[in-house]
Amino acid sequence: MNNAIEIQNLCKSFKDFSLNNISFSLPMGYIMGFVGQNGAGKTTTIQLILNMINRDSGKIKIFGLDNVQDEQRIKQDIAVVFDDIYFVDSWKVREVETAIKGFYSNWSSKLFDQYISSFHLPMEKKVKELSRGMKMKLMLAVAMSHEAKLLIFDEPTSGLDPVARDELLGILSKYIADGQKSILFSTHITSDLEKIADYITLIDHGNIFYSGTKDDLLESFCIVRGGPHDLTDELKKNIIGLTTNIAGFAGLLPTSKIKNLAPEIVTETPSIDEILISISKGEGNHE
Amino acid sequence: MSNILKSIKLDHNIMKSRYPMFIIGYVLGTFLAVLSKTPIFGALIVMVISTPLTGQYFSIYEKNNLEKLYGVLPLRKFEVVIGRYIYASCIVVINGIIAAVLAYIVSFLTNKGMSSTESLTYLSAGFFYVCLMIAVVFPLYFKFAFSKVYIFSNLPFYLIFILTFVFTRKTNLLQQTSPGFQYLTSSLTIAAIGFGLGLILLALSCLLSCALIEGNRAASLPAETPGKRLYFADNLRTWMVILVVLQHLGEIFGLYLFLMLNQAYFMGLLFLLAGYFTPGSYERKGPGTFLKDRLLRLGIPTLVYVFIISPLEKWGSHQITQKPIGNLFALDQMWFVVMLLVFDLGYLAWRTIVKNRPERLADGAPKKLTFPKVALFTLALVAASYLLRIVMPYGIPVLEFPSLGYLAQYLSFFLIGMLAFRRDWLRTVPGSLGQLGFVLAVLATVILFPTAVFIGSGSKWIGYGSWQSAVFALWDSIFAVGISLALITFFRRFLDGGKKFGRFLSQHSFAVYVIHVPVIVFLMLALRGLQMATLLKFGLAVVVCLPVCFGIAWLIRKIPYVNRIL
Amino acid sequence: MNTLRTPFFCEEGDYILRIIIRNTSGKPIYEQIKEQVKEAIFSDELNEGEVLPSIRQLASELKISVVTTTRAYSDLEQEGFIVNVQGKGCFVSPKDSELVREQLLRKIEDGFAVAIKAAKIAKLPHKELLQMLKSMLEGNQYE
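Going down the list, the protein sequences come from chains G, Y and C.
Under the working numbering, think of the first position of the first sequence as 1, with each following residue one higher.
Under the working numbering, think of the first position of the second sequence as 1, with each following residue one higher.
Under the working numbering, think of the first position of the third sequence as 1, with each following residue one higher.
Treat the hints loosely; a few may be bogus.
Computed spacing ranges between beta-carbons, pair by pair [stated by the list, open to error]: (1) C:E102 <-> G:N260: 32 to 42 Å; (2) Y:M21 <-> G:V163: 37 to 47 Å; (3) Y:L345 <-> G:D66: 51 to 61 Å; (4) Y:T352 <-> G:S57: 44 to 54 Å; (5) Y:L28 <-> G:R132: 34 to 44 Å; (6) G:S57 <-> Y:N154: 32 to 42 Å.
Treat the hints as calculated values from the structure; they're not laboratory data.
Where is the CB? At the ideal position from N, CA and C, for every residue including glycine.
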């Protein structure tokens, strides 16, 4: 079993939104960035993985086991950090551990105490008195205290200042250093992922636009810019997310289509942000 | 089930900040106890007040996004639900006990208050009431957000409680006894009923909540694959209908032993078979067509019988025998059809509330029917039948339903039939279980039946809580379950062929059920001059009546459009 | 900009490996790593037989993707600069291996090509170019 997560043809429809044939895999020991606009389907996918809602069709396998049939076994080794804290706000930090630890056979109080002290979280403060960043760190401490083999983050950094975000990334890269743990990191703040993510899955309006290594993604696309006269018809066909103004045009082009470009056209490696923006603009342009 | 315990512990951790709120109940209780000079009412108030406080859990749940916590923890949804119910009940019971003890102490010290029987009655009524509140309110909380529901959910109960309280105090209702309650001499019985019914309500509500919280699952396949029709089930149904005809003949001839043995199982088995085919029919047709279909095929024959066939038959036999006409528009044997229709509508309502949830097919290991499960079910049936017969004894007709004393069996067999469909039990139940069932049924008949019926004076065994009634319930439950298993396995082994004759019989069996009464009556009237030994005449009647019934059924079904209904 | 100036402990003792990743250079990160490791090897900062940080260690320290460091190392291995010993780690290859020698020769050729191109633009005759080379070699003999 080499994949921490394996999703095949996952479908779920709601009244005004649906996930269509979502497929991607996360091999063990790596970080996958799960990227998309707000409302693209990231949280829904995570809820489906956790069996918080039921899927219409498709397969979800965690550590090689079906996520519904072996739900209990799997959840022993999964930890989740959401954007909003899910502990009772009248609990003290100490009481959070008391409430949670009975559920996990691999819980280590020592680890929990270590994380609490290294995050500088006061044991006696109530959850509702913690700042946003401290709340996230508390969820993180709980998540990392039971040897979870899969960490799932659902927009954990929204509302965090850059210092806290940087700290988080440092913690995460240390966490997977032993190669046994994997992380699914869903976010719309892509700068967090630019360096640290091994794999990227891009989701747009319920469809997977891309799923593979981040390096391949950045090599598969280029940002092209040129003057208004450089915009050929062929280019218009292939370009994604075309924007034009009086000074020229810009857009995203698959690298395979770069060969016949005029030399005046500037190409450069895109950032994940730019890819995201381009595909959300240019919905009709690609398949 | 340690997970359920963990869930309860978590509930406690979540609620503990709100525990001080329970003081309100004690304050109000003390106030009322002083006011009415009856400490036990204080205990009642404490119990009643503590109930909506258990609903506070859902308020905390909503405010703190706890659905995410529960989504993450390794807990199964039904474990959470069961844990919640147990936790709520414990809270209420613990508070009730504390309050009751305090009340007793006070009552003992001040020599005021009511007798222990009366107190127990009030306490068990209070417990029942509390269970009713929880049973109604919790599924609402599980399905909808707390903030939207809590105003509506609690208010009616308070009103009811206040009204009932005032009413019973004013009119001393407990002193007046209705006919049924003559037999409820023991306060323990009252307590048993109160607590028992309360627990049953809680269990049912818990099941509903589990179903609601599961929501939609991945689509399942119907267990009945086309082409693999269970012919033996059809043949068994035919045989049951034949037994019905024999039963009515037997009534005319007074073969009481045969009648009682039959009665113990044959309608139940018909309900089981009906229940077996219901879910598949629902899923194939969808709710709208299912409803129409049932009303058409069950409702119309009933109406035709009650308003056409029955009066004709009664009038006709009156003309011949000059005996007084009883009820012209009688339900007679169509009570089965009416009850089946009610069960089917109940199933439709359930599926609609639980939002068209296709239940799990046997994914992975199918849950087989084993002896311990059967034994457990039988014991539960014994208890249910015994309790039921305290108020609805055997053999006393209620509202044209002749055998409501068997209601527990009918309903449970119907449900078992549906379960058998989901788990494919009809095909997989081992033959050895059928043989064992037969042996136990015979043993029970030899040992328990005479004990219940012949020991003690009069007909104590028909109900009203006597020990003979308990033994009788034991007998007929074992007999019903055992014979049913035996018949199923027997028919499956020997009578599973889809032969033409068998199929002809089974196609017409429902029609026979509807029309056989007038056929029998007139045939017997025709033969009434014949002098013969009873059993011989009975045999002759059988040989004559059955073919005639099927023949007439065949003729009727030849009328256009009739075969869509019958 | 991420600078890696981290002591990597091995049996022989401490040493310092210098890898600087430029976020805005436009060059893929794995390329940057490769180049700088090669530079370190050529300039004797890394000696043969020395152990490199593991793929995951490097990724964790630089806060970059493991896939990236994996790619950098496997490319380096293919090109003969490092050797991956299963269970022990990655070691710097002996410098006189065939592939390394080839790479160095190519580097020399590239350097010559640049010089020749510049000479053409400056209209420097070949003789004078060769003279420049000779005097530089003699001057830098014992560098």
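Here is what the structure says about each hint:
{"no.": "1", "hint": "C:E102 <-> G:N260: 32 to 42 Å", "verdict": "holds (34 Å)"}
{"no.": "2", "hint": "Y:M21 <-> G:V163: 37 to 47 Å", "verdict": "holds (41 Å)"}
{"no.": "3", "hint": "Y:L345 <-> G:D66: 51 to 61 Å", "verdict": "violated (36 Å)"}
{"no.": "4", "hint": "Y:T352 <-> G:S57: 44 to 54 Å", "verdict": "violated (23 Å)"}
{"no.": "5", "hint": "Y:L28 <-> G:R132: 34 to 44 Å", "verdict": "holds (41 Å)"}
{"no.": "6", "hint": "G:S57 <-> Y:N154: 32 to 42 Å", "verdict": "holds (41 Å)"}
Against the hints set out earlier in the document, violations occur for numbers 3 and 4.
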